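Model the full structure from these sequences, guided by the hints.
The numbering used here applies: residue 375 is where the sequence shown begins, and numbers increase by one.
Please note that the accuracy of each hint is not assured.
Taking lysine to aspartate or glutamate pairs in the EDC-like style, the calculated list, with each CA pair at most 20 Å apart, reads [claimed, not checked]:
id, residue 1, residue 2
1, LYS788, GLU848
2, LYS788, GLU853
3, LYS536, ASP668
4, LYS849, ASP791
5, LYS790, GLU848
6, LYS849, ASP792
7, LYS849, ASP420
8, LYS778, ASP791
9, LYS878, ASP825
10, LYS788, ASP420
11, LYS436, ASP825
12, LYS790, GLU853
13, LYS763, ASP825
14, LYS778, GLU848
15, LYS850, ASP791
16, LYS622, ASP668
17, LYS850, ASP792
18, LYS788, GLU414
19, LYS778, ASP792
20, LYS775, GLU848
21, LYS436, ASP836
22, LYS775, GLU853
23, LYS826, ASP836
24, LYS436, ASP425
Since the hints were derived computationally from the structure, they do not count as laboratory data. Since the structure is predicted, the reported quantities are computational estimates derived from the model, not experimental observations.
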Amino acid sequence: MTSSQTPSESFWRRCFGIDLRALAAFRIAFALLMIVFFLEKSLYVDMLFTDSGVLPRWVQLKVNGHPYAFSLSMLFGNALFQWLLWGIGLLSSLALLVGFRSNVACFGCWLIVYSFYNRCYMDLAGAETQIMILLFWGCFLPLGACWSLDSRDTELQTRPQKVFSTATIAILLQVLFVYFFAGLLKTLGPNWGAKGTALYYVLSLDIMGGSKPFALWLMQRPSLLKLLTPTMMWAEILGPLLFFTPWKTSFFRTIGILSFFVMNLGILFAVEVGFFPFIDVVALLLFIPSSYWDRLSSLTRWLGSYLEGFAARLLSGLAYCRLHPPVSRGMFRLSLRWQSLAALCLVYIIWRNIAVCAPQLAPPTWISNIGYITGLKQQWTMFGPTSSKMDVWFVIPGRLKSGKVVDVSVWFNKGKDDAPVQFAKPKKLHLIWRTHRMSIYFWMMARQIRDKQPWGRQHLRDLSSYLCRRWNREKKGLEALTALDVYMMLELTPPPGQAPTITKQWLHLQHCPLGQKLGTAEILPGPRVPLPRQKNPNTPSSHPTTQKQP
Numbered sequence: 375m376t377s378s379q380t381p382s383e384s385f386w387r388r389c390f391g392i393d394l395r396a397l398a399a400f401r402i403a404f405a406l407l408m409i410v411f412f413l414e415k416s417l418y419v420d421m422l423f424t425d426s427g428v429l430p431r432w433v434q435l436k437v438n439g440h441p442y443a444f445s446l447s448m449l450f451g452n453a454l455f456q457w458l459l460w461g462i463g464l465l466s467s468l469a470l471l472v473g474f475r476s477n478v479a480c481f482g483c484w485l486i487v488y489s490f491y492n493r494c495y496m497d498l499a500g501a502e503t504q505i506m507i508l509l510f511w512g513c514f515l516p517l518g519a520c521w522s523l524d525s526r527d528t529e530l531q532t533r534p535q536k537v538f539s540t541a542t543i544a545i546l547l548q549v550l551f552v553y554f555f556a557g558l559l560k561t562l563g564p565n566w567g568a569k570g571t572a573l574y575y576v577l578s579l580d581i582m583g584g585s586k587p588f589a590l591w592l593m594q595r596p597s598l599l600k601l602l603t604p605t606m607m608w609a610e611i612l613g614p615l616l617f618f619t620p621w622k623t624s625f626f627r628t629i630g631i632l633s634f635f636v637m638n639l640g641i642l643f644a645v646e647v648g649f650f651p652f653i654d655v656v657a658l659l660l661f662i663p664s665s666y667w668d669r670l671s672s673l674t675r676w677l678g679s680y681l682e683g684f685a686a687r688l689l690s691g692l693a694y695c696r697l698h699p700p701v702s703r704g705m706f707r708l709s710l711r712w713q714s715l716a717a718l719c720l721v722y723i724i725w726r727n728i729a730v731c732a733p734q735l736a737p738p739t740w741i742s743n744i745g746y747i748t749g750l751k752q753q754w755t756m757f758g759p760t761s762s763k764m765d766v767w768f769v770i771p772g773r774l775k776s777g778k779v780v781d782v783s784v785w786f787n788k789g790k791d792d793a794p795v796q797f798a799k800p801k802k803l804h805l806i807w808r809t810h811r812m813s814i815y816f817w818m819m820a821r822q823i824r825d826k827q828p829w830g831r832q833h834l835r836d837l838s839s840y841l842c843r844r845w846n847r848e849k850k851g852l853e854a855l856t857a858l859d860v861y862m863m864l865e866l867t868p869p870p871g872q873a874p875t876i877t878k879q880w881l882h883l884q885h886c887p888l889g890q891k892l893g894t895a896e897i898l899p900g901p902r903v904p905l906p907r908q909k910n911p912n913t914p915s916s917h918p919t920t921q922k923q924p
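Below you can see the structure in the form of structure tokens.
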């Protein structure tokens with residue numbers, strides 16, 4: 375701190391400035407997450423983003439379209455264009471990793487994630503929202519100022535130790551808003567307060583990983599579970615205050631980082647929430663105080679030199695890279711125009727999160743549209759104020775041309791094409807899905823059907839048609855699929871001490887004509903395909919029934 379700085383300025387820079395080494399560590403770790411994210415996304419490009427998949431563009435526009443939610447993925451419905459967008463996203467992530475044109479790469483990642491986000495709403499979770507928002511704020515930060523290709527020609531003495539701007543304030547607040555407003559929202563539900571049963575309901579959901587060993591261990595200790603429920607809520611509300619204390623900031627910030635790290639570790643081992651805990655932990659890197667980086671200066675100096683050398687060797691063959699000009703000192707300063715935009719968006723996210731907890735304070739439409747344009751629209755529920763009580767799995771018996779009956783859902787999720795049809799609840803429900811993304815997709819469709827939402831049946835028909843086309847594209851002759859039935863199995867978690875019930879419901883019959891063209895489907899009325907009776911006495915009947923779980 376220079377002598378010209380006032381105590382007020384010192385406080386703001388200390389609490390809302392970001393060390394360049396912390397920013398570099400965040401960039402590298404986040405880029406690695408983005409690479410894994412796009413690789414996981416590649417499993418479902420054809421299924422989720424093409425017109426021959428489970429959500430044609432016209433359905434997306436009717437169900438979830440918004441005039442201010444732009445998507446490059448909506449321009450064309452063919453697979454080639456979607457794979458091109460996916461490739462741009464992956465290359466942008468690699469460029470972000472090595473720090474090559476870091477802000478351009480960050481914008482490229484944001485644009486592709488934003489486009490896919492607005493293309494298919496059926497597989498979205500909080501993790502994807504958080505990725506998109508962090509990428510947005512990253513575009514305003516000097517991500518390439520340290521340990522990057524961008525910084526290779528910059529003299530060390532021209533670099534400030536910390537960067538402080540409207541964007542640093544925004545991204546630090548954004549990271550903690552996930553916890554703070556999720557905690558506030560939990561106070562609106564009785565299960566997190568007086569009853570203390572919220573975590574019981576969360577861990578009872580096998581689709582969310584309730585059969586994980588740590589979750590089972592907690593479920594066997596109801597007293598501990600009842601104590602942890604309000605503890606988690608108040609930790610989310612009060613924990614963020616540790617990061618902005620004016621006294622001993624580094625000490626209390628360290629406690630806050632460790633506390634949220636332990637919380638995310640517990641979430642990771644107890645429930646299945648995809649990328650969410652990993653993103654939260656990576657975002658906490660932004661808060662690491664400068665004093666820790668100073669103590670690790672020798673290690674960071676070696677790591678930085680190695681990364682810069684690796685990046686230079688990787689891109690040395692590109693003439694464009696060799697002609698790339700050195701990073702400008704201006705990368706540490708935002709123009710008034712960009713500062714104003716960041717400030718406007720910061721006001722929006724504060725207003726938006728307050729409105730989630732207090733709907734009467736909702737912003738006017740023209741301000742709400744900012745969330746759709748920028749991708750900053752957010753709502754951090756995290757199992758609050760009331761957690762879901764619905765476990766669901768689908769059984770899809772399919773009749774082959776040979777007369778054999780197989781479970782198409784097992785083939786779709788695990789690739790096993792000769793699995794027998796079984797209606798009993800799987801022992802580890804969260805593992806029957808190919809990835810967490812598919813559990814979200816099927817859970818959302820089940821909720822729409824259960825609540826009799828108008829588009830639930832349309833999604834079911836699109837899924838059935840897609841399964842027919844995909845199977846018959848891979849299987850020929852007697853192995854071809856001629857028809858399939860779709861059953862939905864629902865289990866509602868009862869209050870503690872009561873036995874859960876399982877409801878079986880037949881939903882749909884899909885005929886699969888051979889030689890079916892992409893984008894077409896034949897939905898025929900008529901009796902369901904006769905299937906062999908199940909010999910298992912615990913198997914529900916073929917009509918909607920309710921049974922007690924053993």
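So, going through the hints one by one against the coordinates:
Between LYS788 and GLU848 the alpha-carbon distance is near 15 Å, which keeps this suggested pair within the 20 Å criterion. Straight-line distance between C-alpha atoms of LYS788 and GLU853 comes to about 18 Å, which keeps the hinted pair within the 20 Å bound. With a C-alpha separation of about 13 Å, the suggested pairing of LYS536 with ASP668 holds against the 20 Å cut-off. Distance hint between LYS849 and ASP791 is fulfilled; the C-alpha atoms sit about 10 Å from each other, no more than 20 Å.
For the given pair, LYS790 sits about 13 Å from GLU848 by alpha-carbon distance, which is consistent with the 20 Å threshold. The suggested pairing of LYS849 with ASP792 holds, with an alpha-carbon distance near 12 Å, which does not exceed 20 Å. A threshold of 20 Å between alpha carbons decides the hint, and for LYS849 with ASP420 the separation of about 18 Å falls inside it, so the pair holds. A distance of roughly 11 Å separates the Cα atoms of LYS778 and ASP791; the hinted pair therefore holds under the 20 Å criterion.
Simply put, LYS878 and ASP825 have alpha-carbon atoms about 15 Å apart, close enough for the 20 Å limit, and the pair holds. For the hint pairing LYS788 with ASP420, the CA-to-CA distance comes to about 17 Å; that is within 20 Å, so the pair holds. Proposed proximity of LYS436 and ASP825 is supported: the alpha carbons are some 18 Å apart, at most 20 Å. As the CA atoms of LYS790 and GLU853 are separated by approximately 13 Å, the hinted pair is consistent with the 20 Å bound.
Annotation: proposed proximity of LYS763 to ASP825 holds, straight-line Cα distance about 14 Å (limit 20 Å). For a cut-off of 20 Å, the pair hint linking LYS778 to GLU848 stands: about 17 Å separates their Cα positions. The hinted pair formed by LYS850 and ASP791 meets the criterion: a straight-line CA distance of about 13 Å does not exceed 20 Å. Between LYS622 and ASP668, the direct Cα distance comes to roughly 17 Å. Compliance with the 20 Å bound is thereby established for this hinted pair.
A C-alpha spacing of about 15 Å is found between LYS850 and ASP792, which places the hinted pair at or below 20 Å, so the restraint holds. At roughly 15 Å between alpha-carbon atoms, LYS788 and GLU414 fall within 20 Å of each other, so this suggested pair holds. At roughly 9 Å between alpha-carbon atoms, LYS778 and ASP792 fall within 20 Å of each other, so this suggested pair holds. With a C-alpha separation of about 14 Å, the suggested pair LYS775 and GLU848 falls inside the 20 Å cut-off, and the hint holds.
Note on LYS436 and ASP836: the hinted pairing holds, with a Cα-Cα distance of about 14 Å set against a maximum of 20 Å. Restraint check for LYS775 and GLU853: the C-alpha separation of about 6 Å stays at or below 20 Å, so the hint holds. The hinted pair formed by LYS826 and ASP836 meets the criterion: a straight-line CA distance of about 17 Å does not exceed 20 Å. Of the pairs offered as hints, the one joining LYS436 and ASP425 holds, with about 14 Å between alpha carbons and a cut-off of 20 Å not exceeded.
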